[in-house]
Structures are given as structure tokens and as C-alpha cells.
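Protein chains in written order, with UniProt numbering: chain A, 1 to 746; chain B, 1 to 230.
These aren't lab readings, by the way, just hints derived from the structure by calculation. Treat the hints with caution; some may be incorrect.
[Unchecked claim] Below are the SDA-like pairs computed for lysine to any residue, each with C-alpha atoms no more than 25 Å apart in a straight line: (1) A:K446 / B:W202; (2) A:K484 / B:F200; (3) A:K557 / B:H107; (4) A:K499 / A:S69; (5) A:K413 / B:R209; (6) A:K557 / B:Q137; (7) A:K557 / A:E614; (8) A:K413 / B:E70; (9) A:K58 / A:N496.
These are the residues of each chain, in order.
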Amino acid sequence: MREPTPEQIRDERVYRSLGLTDAEYDLVVEKLGRLPNYVEAGIFGVLWSEHCSYKSSKVHLRRFPTSGSQVLQGPGENAGVVDIGDGMAVAFKMESHNHPSAVEPYQGAATGVGGILRDIFTMGARPVAFLDSLRFGPLDDARTRYLFSEVVAGIGGYGNCVGIPTVGGEVQFSPTYRGNPLVNAMCVGILPADGIVRGTATGVGNPVFVVGARTGRDGIHGATFASAEDPEEKERSAVQVGDPFLGKLLMEACLELIASGVVVGIQDMGAAGLTSSSAEMASRAGGGLELVLDRVPVREEGMTPYEMMLSESQERMLVVLERGREQVAFDIFRRYGLEVADVGRVTDDGRLRLIWHGEVVGDMPVAALVDEAPVYERPIGTPRVPEKGDIPTTLSVREAWLAILAHPSVADKRWVYRQYDTMVRAQTVMGPGSDAALVKVPGMDKAIAMATDGNSRYVALNPRRGGQIAVAEAVRNLATTGAKPLAITNCLNFGNPEKPEVMRQLSDAIDGMADACKALDTPVVSGNVSLYNESRGLDIQPTPVVGAVGVIDGIAKRLPSAPAREVAAAGLELWLLGREDDRLDGTLYGELVCGQPVGDAPYIDLAEERRLHELLQAIAGAQVAVAAHDVTEGGIAAAAAEMMIQCDVGGELHAPVEMALLGWLFSEAQGRALVAVAQDCAAELARLADTHAVPARKLGWLGATDDVIVRQAGDTAFTISLAALRDAFERAIPMALQSGAAEASA
Amino acid sequence: MKWAVVVFPGSNCDEDAAQAVRETTGDTVDLVWHDATDLSQYDAIILPGGFSYGDYLRSGAIARFSPAVEAVRREVAEGKLVLGICNGFQVLTESHLLPGALLRNNHLQFRCEMVELIVDNNTSPFTRAYQLGERIQIPIAHGEGRFHADPETVADLRNEGRIAFRYAHSPNGSVADIAGILGQGGNVLGLMPHPERAIFDWMGSVDGRRLFQSMHQYVEEGLAHARANA
Numbered sequence: 001m002r003e004p005t006p007e008q009i010r011d012e013r014v015y016r017s018l019g020l021t022d023a024e025y026d027l028v029v030e031k032l033g034r035l036p037n038y039v040e041a042g043i044f045g046v047l048w049s050e051h052c053s054y055k056s057s058k059v060h061l062r063r064f065p066t067s068g069s070q071v072l073q074g075p076g077e078n079a080g081v082v083d084i085g086d087g088m089a090v091a092f093k094m095e096s097h098n099h100p101s102a103v104e105p106y107q108g109a110a111t112g113v114g115g116i117l118r119d120i121f122t123m124g125a126r127p128v129a130f131l132d133s134l135r136f137g138p139l140d141d142a143r144t145r146y147l148f149s150e151v152v153a154g155i156g157g158y159g160n161c162v163g164i165p166t167v168g169g170e171v172q173f174s175p176t177y178r179g180n181p182l183v184n185a186m187c188v189g190i191l192p193a194d195g196i197v198r199g200t201a202t203g204v205g206n207p208v209f210v211v212g213a214r215t216g217r218d219g220i221h222g223a224t225f226a227s228a229e230d231p232e233e234k235e236r237s238a239v240q241v242g243d244p245f246l247g248k249l250l251m252e253a254c255l256e257l258i259a260s261g262v263v264v265g266i267q268d269m270g271a272a273g274l275t276s277s278s279a280e281m282a283s284r285a286g287g288g289l290e291l292v293l294d295r296v297p298v299r300e301e302g303m304t305p306y307e308m309m310l311s312e313s314q315e316r317m318l319v320v321l322e323r324g325r326e327q328v329a330f331d332i333f334r335r336y337g338l339e340v341a342d343v344g345r346v347t348d349d350g351r352l353r354l355i356w357h358g359e360v361v362g363d364m365p366v367a368a369l370v371d372e373a374p375v376y377e378r379p380i381g382t383p384r385v386p387e388k389g390d391i392p393t394t395l396s397v398r399e400a401w402l403a404i405l406a407h408p409s410v411a412d413k414r415w416v417y418r419q420y421d422t423m424v425r426a427q428t429v430m431g432p433g434s435d436a437a438l439v440k441v442p443g444m445d446k447a448i449a450m451a452t453d454g455n456s457r458y459v460a461l462n463p464r465r466g467g468q469i470a471v472a473e474a475v476r477n478l479a480t481t482g483a484k485p486l487a488i489t490n491c492l493n494f495g496n497p498e499k500p501e502v503m504r505q506l507s508d509a510i511d512g513m514a515d516a517c518k519a520l521d522t523p524v525v526s527g528n529v530s531l532y533n534e535s536r537g538l539d540i541q542p543t544p545v546v547g548a549v550g551v552i553d554g555i556a557k558r559l560p561s562a563p564a565r566e567v568a569a570a571g572l573e574l575w576l577l578g579r580e581d582d583r584l585d586g587t588l589y590g591e592l593v594c595g596q597p598v599g600d601a602p603y604i605d606l607a608e609e610r611r612l613h614e615l616l617q618a619i620a621g622a623q624v625a626v627a628a629h630d631v632t633e634g635g636i637a638a639a640a641a642e643m644m645i646q647c648d649v650g651g652e653l654h655a656p657v658e659m660a661l662l663g664w665l666f667s668e669a670q671g672r673a674l675v676a677v678a679q680d681c682a683a684e685l686a687r688l689a690d691t692h693a694v695p696a697r698k699l700g701w702l703g704a705t706d707d708v709i710v711r712q713a714g715d716t717a718f719t720i721s722l723a724a725l726r727d728a729f730e731r732a733i734p735m736a737l738q739s740g741a742a743e744a745s746a
Numbered sequence: 001m002k003w004a005v006v007v008f009p010g011s012n013c014d015e016d017a018a019q020a021v022r023e024t025t026g027d028t029v030d031l032v033w034h035d036a037t038d039l040s041q042y043d044a045i046i047l048p049g050g051f052s053y054g055d056y057l058r059s060g061a062i063a064r065f066s067p068a069v070e071a072v073r074r075e076v077a078e079g080k081l082v083l084g085i086c087n088g089f090q091v092l093t094e095s096h097l098l099p100g101a102l103l104r105n106n107h108l109q110f111r112c113e114m115v116e117l118i119v120d121n122n123t124s125p126f127t128r129a130y131q132l133g134e135r136i137q138i139p140i141a142h143g144e145g146r147f148h149a150d151p152e153t154v155a156d157l158r159n160e161g162r163i164a165f166r167y168a169h170s171p172n173g174s175v176a177d178i179a180g181i182l183g184q185g186g187n188v189l190g191l192m193p194h195p196e197r198a199i200f201d202w203m204g205s206v207d208g209r210r211l212f213q214s215m216h217q218y219v220e221e222g223l224a225h226a227r228a229n230a
């Protein structure tokens, strides 16, 4: 096949198939001062894609707070880095792999995990944990069951093999994701606070190496594909295939290489492969790069410069080494059996120059590729006015309680996480099923706390408040374990930015998240934006997912999400921290009754939220309580049931007289947590709550009963057996998948 | 005494095993790369968990050809202690240092969770610190952990007291609920559960400690005996 000539690209508008609009093509011509050839047009196409350039979101992302005394590296690098004290730091980032997972779920999820892993060790950090935030349609659909099962298998397939524990995350199910599942993977690594490595190509004349897998014809156009509309129309050929064994060797070799001190800069070849890694490394250094493409190790004969530059073959790194010390690298890579090729050198002329068969086949200003990529202020629609009015209460307490616990978003996720190695590296203190995961820093009495969260129902109803809640919930998860929250990463999963109403959601959700980040002192240090999440013209509900990271000094202080069975059976008081509320706005109850999100987003007050987080840390520090669990989806009813199911002990809940019982049980008002405390510590708990100005009330007790009893004004309002609640909670997901399997074989 | 943990490309529980040995015995541990040809300086050798050489073909199928496994074979013949955990157990069966094979779990999924084991032999160098019939908590993490052997082999294992650990509730469909077996000489143990993940309270169990301590005690007694006779 002959490549089109520059004139054909212009006249036949070939650039459109490379992802460039007419106006963008004209801009490329202007920046180059001539017509781009095919490889150049392809390179501009991927680097100026939504996926690589953030052209629709950039102007809004600037509103995130990104600094703080704890921040060692903010956005713009491969990952963000925060200080956790005692000379140690944590690198972390979350990234979406939604579009590949929609067409090839196992490999889409696996390569999502592999990609984020490389972003972390590239910073010089030893990866220690994965978390995954997943969204699917309802499980009554065979395609959804396939996507769900394969995504989980793919995450396990990669993560288990590379030997990094998957310690947390969440899975939610809603019709909004039926045609467009979300797969957001987060990786966290540990490094010395003074050991950060950056993706910078400096030092004129320094050699540039490609390390790891050979470059093949797979995944060409992955980045532009991720920025195209309908996954139904997307091709499997654009999806890459992961090799976790090679990923593991590459990780070990790169960490050893970084430790040897010969690395000038290092970057993962992720989306847009060699193109984005080389252009971004040169851009950060303000210099240029010259690549001799004949020297790139390839998987097959006859690959063109276009294919080599745009391939997204996995498990590859671009490394700039100190000139004269290459042998150190060669020795390390040989020991791991990895291929390494000298493909070029660092220049100071600010150009990305490609040489093939002795000729210059591409010559572009780096600034035009990266820094001067188009930025759009897309039209923003008018804000949606949250609905007012009463939410029908047609589901009884019993029906709702069981339905909520059996809703797969709330139900037990053991089916998912027991397919993940949650303990490899032998540092997992608290794994999946906890409010937040805790992973020990080896050799220190200190653990990193991690959680992900993001409820699109709230954002759909009220993007600004929903954005606040997304951050507050993730950060509260950390505080509930007793950890000090430090910073967040995020994935902004939204619909088509060319629609003004989607841009409104994006803009308002970012404002809400920024509000919460400021109020809770958890700046954004890394993140990713995934737009065009739509299927058959329907956009997904706006889904900002937040990954929060904190630290707990002294692992004995940690608060589990439920007490041990023996302790609970002997009798504990159950306290509610935060305010009473009986509004059903934005609740899962409302969605179950009405079939869609209803009302406004739940109540939140960020100042109250901050005080709650500080109180929880104080409670943990003073070792007053034995367990804490935050109140989120399904309200007090779900939170209490989860705690009781986990410790296998029933108890009583006392509703205030002035509250509507149903609303009080299922309200999802924010800034609240349940705490289990021994009777003789309750006074101290109340005192701490008072000094932190957080409302606290003895809500009931846990103890020797097999029932869950709700009382109001001294009367028994409702009783349900713990066994019935447990059954609903534990069987929902396995049953949904089993009945599907039965249908398929029938 | 001195321990070796063999590191194959793709091993990922090597550091965990070394940590467990250091924490429970205070002994010296070396991580030894898979190209090692001589392991004679070590008193005990651990083949750790992970995915040796990627395990794309069959777990342990490539590792059996490595120089380190040849060296292990010689040390087994010398009577040294060899402990294969998870992937290490798979390598030992592939190498025919232990009988049987480890097949895909009967439910076809990877499974990671705390399981209950029953101690079926408390006289071996690996299990002497446990009580016979004692129930202990040790986590598993494997996709191919279903032990399989022909009925005669299983009968031999049972009759010779070579079933070291059984699952109280099998998580993978192993024949006779087998979780760990001993070699003919009693100096090789392969087990699918991970004792190195059960050595501190915060891990949820400390029941793995005694396995490493049993080995330590056995070797130290042997060394003391040898010194006394010298």
C-alpha cells in the first residue's frame, strides 16, 4: 500500500481519518510552514487527540488546586508524588481504559493495569498496590455479564502475575453504562522522598533507547480511537494485548536501572506509543529528539515509519541515558533477557526529527506537537436545575433494605476481589471490603491508605455538589480507617464534549471537586480525562472517579470497618457521627422506586466534612473505638447492615422521633460515619466529638441478637433477621452471574 | 543456618518468603537468581510463589529446566530441606521432585482468600511445631492449585503420612482435599497456601510462623548434632 502524498492528504482530506478536523489541519500546515506528510499528519492526529491533548478539558482542569506542603510532584508528570513523612513518598495515578475494555474486556482491562503500572515505576517508585474503579450496566444483560467477568479476569490476569496486590476499588452498576463500561485503574508506589525520576530528555547528545517489547502493528490509533464516539463501531484491532511477564521483568529492570543512577529521563510508551513518549520527553526538557527508526526493534518486516510511530505495542519504555554509561544499562537488561536498542539522541533544536533509510521522513517542532496543541473553550450549556418535590415512598422498609443490599452496587463484592491477589508482597494490612485499603511501608510502622469513589447518580442530579461528594466520599474512606488524607488523583469519565450539556456537567463537576479538594486539603496531583463515553448517541451519566491517598502512622491505630465477632458479641455501642437527615434526594432508594436518579444530590457541607475527618483521625489516634464505617449508598440502613453482616452480630438502631423513619434509614446525606465503641469508651468518644464540633449520638448497639431491630420513640418500629440481610448482601452478585450462566446453557 | 530463596524471572513472592524467614527465625537468607548452578552452601531452599517465566505454557513447566532446579535436585538428594510454595509446588511436581500435578481450579477462577487447613502430619521437618489435626489459617492465591494424582499415588501419600496439610473446605477441587505434600525422603514439602502471608497479627493470622520455625529447629538440631559428633 502506498501512503498518500501531502497533496492527497490535503485534497482528499485524509487527515480526517487521522483524527484532525479541517481547522486543526490548517493549523498543522501553519505550524509546519508546509504540508505535512503522512507520518507527520498521523503524529499530529494522535498528539492533538482528546486523549493526549486534553483539548476540551484543559481550560477547566486549571481550576483544580494542585499544590500543598505535602505535594512533591503535581500534575504533568507520569504520576503525582506526595510526602508521607520519615523520608518516604508515594507516587500514584489513575487512568481510564474504557474504550478498549468495551470491545475486548480482558485485554482492555489487563493493559489498563499494565499501563498505569509503568507510569508509577517510571517515577522511580516501587509499585505496591492497585485499585480499580469499574462501572457496568445491569447484570440482567448477557453482554454485561461477559464484560464484567472478563474485565475482572483481565485485571487479575495482569495484576496477579506482576505481583502487585489489588487491594481496593469499587464496582457500580447502572443502566447508564450498558453500552459503555468504565474501567479506571489506579496504581500506587513507594519511593524515597528525594528519589523522584522525571520523564525529561535533557543533555544534548545523550543517547535514547527503546527498551522492552518489540514494536508491532497492534494498537495503531488507540489514542484517536479512544476519542471517537461509539464503542459499538470500534475495532478490536485497535486494542493492544498485554504480556504481564514482560511487564514484570521491565519493572524490575527499570527500577534497578534507575537505582544505578545512569537514567536521565524515562517514560512509558502508553497511548500513541513512540510518538507521545518522545514528544513529551522532549517538550518537558524544552529540547528536541532525533530518532533513527531503522533501529527500532520490530515484530515484523516492512513496518513503515507511520506504523512504528503510532504502534501501541505494550511493555515498552523510552529511556534517555547518560552518555558513556550505557554499558550499565546493557548489563541490567541482558540479565532480565530484555531487548534494548539505541534509537537516537537528544538535540537542542526543539524538533522531533525522524530518520528512516538515511532520509528525514518527519521533522516537526516539539512545541507545536505538545505545548501548542489546540485548546478548546467548548460551548457550555445552562445548568440543570435540580428537581424539587417529594420522592415517592412506595417501597416498604423491608423491601427497600433487602433490595438495596442486593443491589450489585452495594452488595458484597467478594466474587470480584477473591479473583485478585490482594496480599502478594505481604504488606496488606486491610484489603478489599474495608472502607479504605491499608498497605504497610516495608520496615516501618506506617501504612498508606487508599480508596476510590465516585457516584454518578449525584453528579447527574447536581454536577457541582456531585463533584464535591465524589472527593468527600473518597477522602472520608481514608479518614474512616484513621488515616490522614493527603491528596487525590482522578479520572473524569464524561460523554461527548461537543454537546454543551456535557461540557456543563464537566465544568461544574470540576468546580465541585475543586471546592472539596480545597476544603479537605487534598490537592489533585495526577489524573486523566476520558470523554466521548457514549453509546448510540446517549452519553453516560457524568462519572468523576476519585482515587484518594493518605497515611497512617502506627498501624495499631487503624480502624477496621467492623469489629471482630467476639468483641461485637460481647456488646458494643453504635454511634452516629454527623447530622441526622431524612431526605431521600439522590438516594439509591429513590432510584429503586423511580427507575432513575431523582431529586437533588444528597446534602453535603464541606466544613462539616472536614471536621468529621479530623474527628475520625482523633478517635483512631486515641484508640477509643473498635470499628468505623462511613455512611454512603443505602444510608444508615446499609452501613449498619454491612457492619453487622461483617461481624456476624445483630443489634438495634434508634431513630430520632422527629425524623421520617424511612427517610432516616435510607438518606444518603454526606459527612457521616458509624462508630462501634465499648461502653466504657463512649464518654471519651462524645468528648472528642464535642471538641471537634461534630454532632454525635448513641445510635444503638451491637450485641447478642440475631436480629436487626429499629426503634423510634421507644417502640419497636421494625425487625428483620440478620440472616435475611446477609443473604441479600452476599448472594446478589454470584446469583446474578449464575442465573446468567444457566440461561446461556439452557 | 542459611537459606536460599530461588528467584525465577516472574517469581513474585521471593521477597515475602525472605521476609518471613528473617522475621520468624532471624536466619540469613539469600535471594538466588535462576541461573545459579550450585546451592550446596545452603541448609534450606525455598522455591517461592509467582509466575515463573510467565507460566504461559503450564505453571512450572519452563522453570523445571532452569539451572537452579538442577541444583535443587542435587540438594534434595543430599537431604537438604526444600520448600515449594504455590508456584514453587508447581515447579516441584513438574520436576518430578514431588508426585502428582496441579491443575486449573475446578471453578476455573483465580482464588485468593484465607483458608482453613488441617495439619495431617506433625513429624516432618516442616510441620513438627504443629499439633496433629490442628486447624490453622493460611491464605491461598492461585489459579492452578487443584492437586491431582492417580488413586495409587494418593493411597501411597496417605499411607506413608506424606499428606502434610489438607483443606478443611477445598477451595479448588483437590483430590483428597490435599493442600501440601511431602516428598519420599520427607525433606521436600510442596504446598499451595502461602505461610509467608501469615506471620504477623495484622496479616490476619500468624499460623505460618511455625512452618519456618520447624525448619529452623530441625536444621539447627542437625547442625548441633553434627558439631557434637565432629
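Broken hints, numbered, in rising order? 3, 4, 5 and 8
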